[in-house]
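Asker: All chains should be modelled from the sequences, with the hints used to inform the complete structure.
Protein chains in written order, with numbering that gives the first Met the number 0: chain B, 0 to 562; chain W, 0 to 273.
It should be emphasised that the hints constitute simulated quantities derived from the structure, not laboratory data. Quick reminder that beta carbons are idealized off the backbone N, C-alpha and C, glycines included. Any given hint might turn out to be false.
[What the hints assert, rightly or not] Computed, partial: chain B to chain W, Cβ under 8 Å:
1. 72
2. 73
3. 77
4. 79
Given next are the chains, with one letter for each unit.
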Amino acid sequence: MQLLIKNGFVYDPLNAVKGEKTDIAIKNGKIVEEVNEHKAKVIDASGMIVMPGGVDIHSHIAGSKVNSGRLLRPEDHFKDFEPKTPVTRSGVGYSIPSTFTTGYRYARMGYTTVMDPAMAPLEAKHTHEEFNDIPMIDKASYPLLGDWWFVLEYLREGKIEECARYVAWMIASTKGYAIKLVNPGGLEAWGFGHNVINLDDQVPYFCITPREIIRGLCKVNKLLNLPHTIHVHTNNLGKPGNYVTALETMKCVEDLAEENRPAIHITHCQFCAFKGDDWRTFESGAESIAKYVNNHSHVTLDMGQVIFTDTTTMTADGPFQFTLYELSGNKWINHDVETETSGGIVPFHYRRKSYVHALQWSIGLELALLIKNPWKIYVSTDHPNAGPFIAYPKIVAWLMSRKARERTLKKINPRARSRSLLTSIDRELDFYEIATMTRAGQAKALGLKNKGHLGIGADADVSIYSINPETTDPSRKYKTVRRAFKRAACTVKDGEVVVKQGEILRHVKGATLWLDVQTSEPVKVTEEMKRRFSEYWTVEYENYPVTEHYIEVSRPIAVKADV
Amino acid sequence: MINLRPKKEFKLPIIAERINPSVFEGKTCDKIADLKLWEGNKPKKLGELFKIEDTKMKNKSETTAIVIHGDLGKVRRIGAGMESGEITIYGNVGMHLGEEMKNGQITVHGNVDGWAGSMMKSGTIEIHGNVGDYLGAPYRGSSEGMHGGKITVYGNVGNEAGAHMRKGVIKIYGSAGQFTGFRMRNGIIYVQKDCGGRTGACITGGTTVVGGVLESVLPTFTIESIKKKAKIEEGEIVETPFYLFLGDLAEDGKGKLYVAKEKNPHLSYYEKFI
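Answerer: As structure tokens, then:
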């Protein structure tokens, strides 16, 4: 199958292509130098933007918590449903769409790779079963390792290499992609009804602090040569004054960074950029965070942009979800995953007229605009925590147009409007920066060599948007931009045209990416470990790992570790 | 006035939100016959399932009215989201009658299945028969209950009538099932006859008036006083002594529960706490 995308304005930040008219040739699912123009299917992209397929670094799309969220919220399905068509299958759900719908909706926006950021290792099989059912996109998942008893115990004893071997074993067993830390230490403390507030609080019964966990796993990450950095959901998330914790978290791995390479990814940063002593004195801490990030190169962030809508919050951060339940009085799921992690789900409605919610909306955009380098901050809504992923086109419009921001500013809580820094920010991003923040930067941060760019040899994941950068001024015509990014003119997945004018043309299976971490000597499964499995887990050691045949389209990425 | 009669006895559920004065408005009989309904999993035209007659109205300014004769026990979502007009039904009706209706009037001379007036915003529903469960209650999982309007039932009602209610009036001149007014926030529910158990569970506001027997009041309610009468709405006052309970304290609620004193001698031991 050969494909030629002609005359489009190509934005490919990883190869520094900045809106030049270039043809993209595709053969056998890869980008190639050239194809035979007579044999190839030609797509005329004149007057349109061509970008690599979108990459989402953080979006809860699969797994046990997502499914529990679906069970908790039948009313979320009631208001949004898609009937089946000759090509697509039916589906329901607005903030937590069903598996097929998730894939279709991403593809319609031109996204082709999505990372699910929180997989409780015990529930890995469930996650992969859902991955098998999510069409159109490539996906991967990060196992939650920050509160796993093995990690806590080895780090307490300072056995970094031993810990690294177990982490490698766990990544292989769960077919995961990166190390995810959620409220490090806090989840274990939550098992005892407590939480940890700052980086030097002790985790009960483990004599270890969040700082030691973060630093330890950062070292482990480096020893294992994992492509992505540690993916951190900070302590104290969602509480006023927590920007200090976020800064501390970034600072604590400063010395572990190798030059110019990021060492830590702070996810949904909006939720940890709160200033103030309580909700009344709540303020934006975006400026301080942006200042730090602008001066340091070892951090990457994603936005976690709030969208004013009814959504469902779900994180592994059990104590935070409990706070949210108390704040909102909504229904709540709380879950403790044995020796590994916890979880919580609360439906939540972000309202324009609420001071806190409106300021949260502002903080997300402030971060994205105040951080000068688009390679350091990426577009996300922490789907579905701050809003469903279908709102990405709105975020793009807000980032590209001051006018669009002002329009929303007019409608929000007046006190939040007067406190918002957005009124003083003139910056408007261009398509090149948007391409960086929605695909290239994310692919780079994830270490995905074949994604997020259109160079020779890259996976042929391409999205085309019907907007002409020469004639359209995104600053004024932000509605055109929003419409274009909502319905991609064309999405190409692995060299096949799967979406045209926002309609799904064919249902294709996406691959599941996972890391095949090769340590010099494999983890010895000792009798001690087996004893622990039978004592602490409900699942026996033999039944625990996800084997490769479990994954329908498996795409392992080999990584050679230093241990 | 549009007259509809089912052409056959329906065996499969019919989804008929298009039987709706707002949709019929300004359409001729032929166009109405072309409207899409679902019978089971097959799309059908309204004209295939119903006989349609247009009776010329004497007064042109009268709003669109629909009259249906026949058994509609399998027909769901009649008048869903309607904004104006009138529907009169002589026969039984299926689930979700007048769901999310915004205005207008529905009158039923027959029995109605569950979720009648579910999530309604305004308008009136009058039912001269019995009603199933979840009268005026929201869709499963949702807390957006009835936001306004008025439902009057002259028969008996199933469980969870008026769940999550926020505003409006529900009057039941028969008896009601369990969990009447579950998680109610505001508005008023009047049950003239008996009421099932756990009435007012988890309410945080609003008023529930029980004119008949209430087996027991939840332990999370506290007695406030004895009132001589209870006001249902403008022009309707029930003049008989009532025990007034406040609750649900488990939810820190300030809802009112009136229970007729004479019909409930077993509650007299509460009097010593006044």
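Asker: Each hint needs a verdict: does it hold in this structure or not?
Answerer: Here's how the hints hold up against the structure:
| no. | hint | in the structure |
| --- | --- | --- |
| 1 | 72 | 6 Å, holds |
| 2 | 73 | 4 Å, holds |
| 3 | 77 | 5 Å, holds |
| 4 | 79 | 13 Å, violated |
Checked against the numbered hints above, the structure breaks only hint 4 and satisfies the rest.
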